[in-house]
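> So the protein sequences, as listed, match chains R and U.
When we follow the numbering used here, the leftmost residue of the first sequence carries the number 56, and every step to the right adds one.
When we follow the numbering used here, the leftmost residue of the second sequence carries the number 56, and every step to the right adds one.
Don't read these hints as lab results, they were simulated from the structure.
No incorrect hints appear here.
Label-pair ranges, simulated between beta-carbon atoms:
#: 1; chain 1: R; residue 1: P68; chain 2: U; residue 2: Q127; range: 38 to 44 angstroms
#: 2; chain 1: U; residue 1: R124; chain 2: R; residue 2: I120; range: 47 to 53 angstroms
#: 3; chain 1: U; residue 1: D113; chain 2: R; residue 2: D113; range: 44 to 50 angstroms
#: 4; chain 1: R; residue 1: K163; chain 2: U; residue 2: V223; range: 16 to 22 angstroms
#: 5; chain 1: U; residue 1: R124; chain 2: R; residue 2: M211; range: 30 to 36 angstroms
Rough simulated footprint, nothing fancy, chain R against chain U, three-plus residues with beta-carbon under 8 angstroms:
#: 6; stretch: 64–75
#: 7; stretch: 82–95
#: 8; stretch: 137–148
#: 9; stretch: 172–183
#: 10; stretch: 190–200
#: 11; stretch: 213–226
We put the CB at the ideal spot given by N, CA and C, even for glycine.
Number of protein chains: 2
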Amino acid sequence: MPDITVLRLGHRPERDKRITTHVALTARAFGANRVVVSTKDPGLEESVRDVVKRFGGDFTISTGINWRRYLQEYPGMVVHLTMYGLPVDEVAPQVRDGEVLVVVGAEKVPPEVYQRADLNVAVGNQPHSEVAALAILLDRIFQGRALYKEFPGGRMRVLPCERGKNVVELSEQ
Amino acid sequence: MPDITVLRLGHRPERDKRITTHVALTARAFGANRVVVSTKDPGLEESVRDVVKRFGGDFTISTGINWRRYLQEYPGMVVHLTMYGLPVDEVAPQVRDGEVLVVVGAEKVPPEVYQRADLNVAVGNQPHSEVAALAILLDRIFQGRALYKEFPGGRMRVLPCERGKNVVELSEQ
Chain R
56 MPDITVLRLG HRPERDKRIT THVALTARAF GANRVVVSTK DPGLEESVRD VVKRFGGDFT
116 ISTGINWRRY LQEYPGMVVH LTMYGLPVDE VAPQVRDGEV LVVVGAEKVP PEVYQRADLN
176 VAVGNQPHSE VAALAILLDR IFQGRALYKE FPGGRMRVLP CERGKNVVEL SEQ
Chain U
56 MPDITVLRLG HRPERDKRIT THVALTARAF GANRVVVSTK DPGLEESVRD VVKRFGGDFT
116 ISTGINWRRY LQEYPGMVVH LTMYGLPVDE VAPQVRDGEV LVVVGAEKVP PEVYQRADLN
176 VAVGNQPHSE VAALAILLDR IFQGRALYKE FPGGRMRVLP CERGKNVVEL SEQ
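All chains should be modelled from the sequences, with the hints used to inform the complete structure.
Take a look at the structure:
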């Protein structure tokens, strides 16, 4: 199983808070291990850690990282999500087990990211959403099994339900 | 092929503009035919129509619709995306050809939506993103072919590319 880090570039706390929260929670729900965000944003960290505390698993978030250095020194495969890249269904099978960095940009991504990436991957060549693109990429990397990951240790568990809500609150030990 | 309308509930123009734009563009890119949004938002309409004009296809957007009436009078199957629902991989095969309404809520969704829905569908039972959930649902409904939809008539076309950007600007007739 690959160990997946999502690197979020170009996050602007005022404008992008909700989108980056969606990126982080999608990363977690679809089997990534951690998210690192270029801009410092304690509020974002807190929202994501709160979900981990309530719903379990060991997903982590760091913000305010030097993304250029992180990218240059990253020891594993770098996969950059861009609408200009190669089709995800062709490229996802090339993602190997081991460490994988998935780069998710906001508006403009510097050319050096395209250069550094081992794979520039497009989830369709239409403009849509980095959140949707990340979900589909991780779904394909895990061959449709990303959604079946277990999240041990949370205080809450949602059980599938035909109509309404079925939430189990687990007692704290 | 189903004819898919996405109904976006609870959109607050200040807070949700970017998320709802992502919902609309994801709907378009993954094969839905139109989006209808409960709150009036001319700026949102304009952003989405601008993408359609540039990138093609016949996706439409309406905002400021009476969602209760729309939902009650909808003649086809109603599929409600919720983290409390039944697993998407079990339920998506039950989506038939014909008219399908996919309901995408924001924070709190009134109980009547769960009641009216023919299917309450969860894309995993973890909190993440309605944008990610919509992408995966449409991907499953179209059995992995949603991304291969053609969008005739646009002024721009992005061609897959290993590194960098390859955009063809088509001359206007």
